[in-house]
Amino acid sequence: MTTTASGPPVQAPARRRTRRRTTDRGFNRAFRWIAVGSGVLMLAVLAAVALFLLVQAWPALTASEDDLAASVPRYPADTSLLAYVGPLVFGTLLAAALALALATPVAMGIALFISHYAPPKLAQVLGYLVDLLAAVPSVIYGLWGIFVLGPAVLPVWEWLGQVLGWFPLFAGTVSPTSRVLATVSVVLAVMILPIITAVSREVFLQTPKLHEEAALALGATRWEVVRTAVLPFGRSGVISAAMLGLGRALGETMAVLMILSPGFLYSFKILTSAQHQTIAAYIAADFPEASGLAVNTLVATGLVLFVITLAVNMGARAIVARRKEFSGAN
Amino acid sequence: MAQRIDVKDLNIYYGDFLAVQDVTMTIDPQSVTAFIGPSGCGKSTFLRTLNRMHEVIPGAAVEGTVEMEGVDLYGPDVDPVAVRRNVGMVFQRPNPFPTMSIRDNVLAGVKLNNRRISRSDAEELVEGSLRGANLWNEVKDRLDKPGSGLSGGQQQRLCIARAIAVKPQVLLMDEPCSALDPISTLAIEDLIGELKQDYTIVIVTHNMQQAARVSDRTAFFNIAGTGKPGRLIEMDETSTIFSSPAQKSTEDYVSGRFG
Ligand SMILES: Nc1ncnc2c1ncn2[C@@H]1O[C@H](COP(=O)(O)OP(=O)(O)OP(=O)(O)O)[C@@H](O)[C@H]1O
Ligand SMILES: [Mg+2]
Chain A
1 MTTTASGPPV QAPARRRTRR RTTDRGFNRA FRWIAVGSGV LMLAVLAAVA
51 LFLLVQAWPA LTASEDDLAA SVPRYPADTS LLAYVGPLVF GTLLAAALAL
101 ALATPVAMGI ALFISHYAPP KLAQVLGYLV DLLAAVPSVI YGLWGIFVLG
151 PAVLPVWEWL GQVLGWFPLF AGTVSPTSRV LATVSVVLAV MILPIITAVS
201 REVFLQTPKL HEEAALALGA TRWEVVRTAV LPFGRSGVIS AAMLGLGRAL
251 GETMAVLMIL SPGFLYSFKI LTSAQHQTIA AYIAADFPEA SGLAVNTLVA
301 TGLVLFVITL AVNMGARAIV ARRKEFSGAN
Chain B
1 MAQRIDVKDL NIYYGDFLAV QDVTMTIDPQ SVTAFIGPSG CGKSTFLRTL
51 NRMHEVIPGA AVEGTVEMEG VDLYGPDVDP VAVRRNVGMV FQRPNPFPTM
101 SIRDNVLAGV KLNNRRISRS DAEELVEGSL RGANLWNEVK DRLDKPGSGL
151 SGGQQQRLCI ARAIAVKPQV LLMDEPCSAL DPISTLAIED LIGELKQDYT
201 IVIVTHNMQQ AARVSDRTAF FNIAGTGKPG RLIEMDETST IFSSPAQKST
251 EDYVSGRFG
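If you read the protein sequences in the order shown, they are chains A and B. Quick note: the first sequence uses the UniProt record's numbering, first residue 1, plus one each step. Quick note: the second sequence uses the UniProt record's numbering, first residue 1, plus one each step.
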């Protein structure tokens, strides 16, 4: 081999390859910076929100009970801030939990029907309809809750109050206005239904064919295929879906504000009016007229909501991670 | 009890596409029957009609009869679910249920059939099935660990244990060793030899030596060209197929002079 003959053909591709590798590296580096950058940005935004809440809430957190009672409307005398926020937290959690309990089974049912039972055409239409539910603004849900759903479910609430009145949730006088936590929970359930359904449907559709066929070949009926292959595979996905829904239910403001006749009690009587209030609706309702320490108090309750939402999300992650070994990810 | 299968004039469709045409064959009980043939000739497709798994694919259809001890599997009042409980299947890729422990995997089929089973019976069945699949000694200390944590060969034997736990009459295997190393392959071939005492076994394989080693009878499928239906070319004693087949194309295929 002579140098002249072998030189150029060897060098040319080599140079080209180097160049391509440099641009590859460029993309890699750019991608890494974008990834790291957006991660840092998210953290910074989160930290900024937390900081804002803390700073604004601080005067309320440190104020004496007498000062709070003097400047915050509806603040009972001789009550700590914690005792004051308590019923709001209770109302928020109760409404969200009821909504989740109502929505999750229905959403899973719809998602399973769409992914494993319905003929393809019907499945498509249904999926589309459920997605449309997500596009309805919450003010509309509020109006609908007051004028349509409330009167419609009133006979059901009355029946529950009569027949199951011994059960704590259905105890007390059934409000004839229907502007009670039960109605709110149903509206919230409808509002979080689309997100839970959409995520669950995606998860169910991803069940490996291999596992569905394994179940079928053992002589599984359609429902048994769902039980042995689809549901276990989708478990963690459904939990994440439910948590997304819970997050929305916890923070929902407008519909609750419009429908619920508020109260500030630790009460399980979801058919009785003037028992509960949620944090988000409370802040929205009182903020326009608040000033001074009252504003700080409202921000403090907002801080509590922020902490609850964070905790819910972290809890969901823990649940999903706990059964990773059995999740099929390996 | 092993059972005999008679297939008559079977045509198999995917929508309008005729994938396998006019198969007539008899599969003997307590024997191993091997299906060989080039890729795409319809071996898997035909195998899946023997437990009515073919019809779970949208648009799939079957004409003709598949009789098991005289009962047509495609008769009007035969429940496909019942057929699949009688005819077990092992797939090409090991597919234990990833969310279940080894024990629950073995019991999956039994629990499906909605039978209540006592703890001691369950333990016995798990041990018996895993022993039957030559896996017991390797997993007896970790029955509660997930099945997906086993090696590929062990997973495949777990799938065999799961299939035989429901005591089927027939066991279908679609290239059960194609994802396995030679040692696991040998373990499964030995197992097939033992299982044929109790079951009718049908195995699809691309490995001629394997067909020659494990099977009593061999069926050769072929296809005339892409888009054409696959056909059964001939079926005979395995020794005959590999030494003096009746058809020229069979001889070409088994001697590696194919295509
Ligand atoms: N789900 C399906 N839908 C439509 N056509 C299919 C489907 N599965 C298989 N086919 C077609 O049916 C024919 C037979 O396929 P089959 O999988 O039975 O072949 P095979 O003999 O098992 O091949 P291999 O040895 O590669 O596994 C092929 O033409 C294939 O393209
Ligand atoms: Mg195949």
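Simulated from the structure, these hints should not be mistaken for laboratory data. C-beta atoms are modelled at their ideal positions from N, C-alpha and C, and glycine is treated no differently. Among the hints, a few may not be true.
Claimed, not checked - Simulated restraints on C-beta separations:
1. B:Ala-179 x A:Leu-132: 30 to 38 Å
2. B:Lys-228 x A:Trp-33: 53 to 61 Å
3. B:Gly-15 x A:Leu-205: 32 to 40 Å
4. B:Gln-209 x A:Asn-28: 53 to 61 Å
5. A:Arg-227 x B:Pro-182: 51 to 59 Å
6. B:Val-78 x A:Trp-166: 49 to 57 Å
Comparing the hints with the structure gives:
Roughly 45 Å separates the CB atoms of B:Ala-179 and A:Leu-132, a value that falls outside the hinted 30 to 38 Å. Hint check: B:Lys-228 to A:Trp-33, Cβ distance near 56 Å, so the stated range 53 to 61 Å holds. Between B:Gly-15 and A:Leu-205 the C-beta distance comes to about 22 Å, which lies outside the given range of 32 to 40 Å. Between B:Gln-209 and A:Asn-28, the C-beta spacing of about 47 Å breaks the proposed range 53 to 61 Å.
The beta-carbon spacing between A:Arg-227 and B:Pro-182, approximately 38 Å, falls outside the hinted interval of 51 to 59 Å. Between B:Val-78 and A:Trp-166 the Cβ separation comes to about 52 Å, which falls inside the hinted range of 49 to 57 Å.
The structure is inconsistent with the numbered hints 1, 3, 4 and 5, although it conforms to all the rest.
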